[in-house]
Amino acid sequence: MELHHGRMFDHVHLQVRDLEASKRFYRAVLEVMGIPVYDESDRHLAADEFFLSSDREPSARVHLAFQAEDREMVHRFHQAAVAAGGRDNGAPGERQYHPGYYAAFVLDPDGNNIEMVHHGPAKRSAKSIVITTDHKP
Numbered sequence: 134m135e136l137h138h139g140r141m142f143d144h145v146h147l148q149v150r151d152l153e154a155s156k157r158f159y160r161a162v163l164e165v166m167g168i169p170v171y172d173e174s175d176r177h178l179a180a181d182e183f184f185l186s187s188d189r190e191p192s193a194r195v196h197l198a199f200q201a202e203d204r205e206m207v208h209r210f211h212q213a214a215v216a217a218g219g220r221d222n223g224a225p226g227e228r229q230y231h232p233g234y235y236a237a238f239v240l241d242p243d244g245n246n247i248e249m250v251h252h253g254p255a256k257r258s259a260k261s262i263v264i265t266t267d268h269k270p
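If you're matching positions, the sequence shown starts at 134 in the working numbering and goes up one per residue.
The hints are simulated quantities; they were obtained by calculation from the structure and are not laboratory data. Mixed in with the good hints there might be a few duds.
For lysine to aspartate or glutamate, the following DMTMM-like pairs were computed, each having C-alpha atoms within a straight-line distance of at most 20 Å [to be verified]:
hint, residue 1, residue 2
1, K260, E182
2, K260, D181
3, K256, D243
4, K156, E227
5, K156, D243
6, K156, E182
7, K156, D221
8, K156, D203
9, K256, E173
10, K260, E173
11, K256, D203
12, K156, D172
13, K256, D221
14, K156, D181
Quick list of the computed label-pair ranges, beta carbon to beta carbon [said to hold, decoys possible]:
hint, residue 1, residue 2, range
15, R160, V263, 35 to 43 Å
16, D172, S258, 37 to 45 Å
17, L197, E227, 14 to 22 Å
18, V195, R160, 12 to 20 Å
19, K256, E153, 35 to 43 Å
20, P232, R176, 42 to 50 Å
21, R228, A193, 18 to 26 Å
C-beta: ideal position from N, C-alpha, C; glycine also.
Generate the whole structure from the sequences, applying the supplied hints.
In C-alpha cells form, the structure reads like this:
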C-alpha cells in the first residue's frame, strides 16, 4: 500500500494566546524534527508549512500529529516539549490504533493536543519536496 503525505495542506496556522510561550514550545518541537524556523518577528513564527501568530482570538482546540522518523524521535519530542512548557498528555508508547502506532502526546501552551507519531518502518520516496517560486515568503 502506498501512503502519500504532505499533499493535503498548504499550511497550518494557529492563533495563540502567548506568542513567546508558544514560540518556545514549538521551537523545541521543530528542533527535534530538524525543521528550521524560516521567518519570525514579534508577531509570528513560520517553519515549513506551520505558522503561529497572536493577532486574533486563539484557535479552538486542535489536534496536530507530527511525523517521526523513528521511536527515538517520539521520545525526544516528548522530553523537549514538556521541558519547553508543554504538559504531558500521553507518554511515548505503543497505541492501539493499528499495529506499530508509536506516539506521544503533549498539550501546548494553549491546550492543543500535539502528537508525534511513528507508524513503523517505512521507505519514503523523498524526505521532502522543494517548491521554487519567484517571490520571497
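Do the hints match the structure? See the list:
1. K260 / E182: The given pair, whose Cα atoms are some 15 Å apart, holds under the 20 Å limit.
2. K260 / D181: 13 Å, holds
3. K256 / D243: 34 Å, violated
4. K156 / E227: 29 Å, violated
5. K156 / D243: 12 Å, holds
6. K156 / E182: Distance ~15 Å between K156 and E182 Cα, so the pair holds.
7. K156 / D221: 18 Å, holds
8. K156 / D203: Status violated; Cα separation ~24 Å.
9. K256 / E173: Given that 20 Å is the threshold and the Cα spacing comes to 33 Å, the pair is violated.
10. K260 / E173: 24 Å, violated
11. K256 / D203: Given pair K256, D203 holds - Cα atoms ~12 Å apart, limit 20 Å.
12. K156 / D172: 12 Å, holds
13. K256 / D221: 30 Å, violated
14. K156 / D181: 14 Å, holds
15. R160 / V263: 35 to 43 Å: Taking Cβ atoms as reference, R160 and V263 lie about 23 Å apart, which means the hint is violated.
16. D172 / S258: 37 to 45 Å: 28 Å, violated
17. L197 / E227: 14 to 22 Å: 20 Å, holds
18. V195 / R160: 12 to 20 Å: Holds, since V195 and R160 (Cβ atoms, about 19 Å apart) stay within the stated range.
19. K256 / E153: 35 to 43 Å: 39 Å, holds
20. P232 / R176: 42 to 50 Å: 44 Å, holds
21. R228 / A193: 18 to 26 Å: 24 Å, holds
Of the numbered hints given earlier, the model fails hints 3, 4, 8, 9, 10, 13, 15, 16; all others are met.
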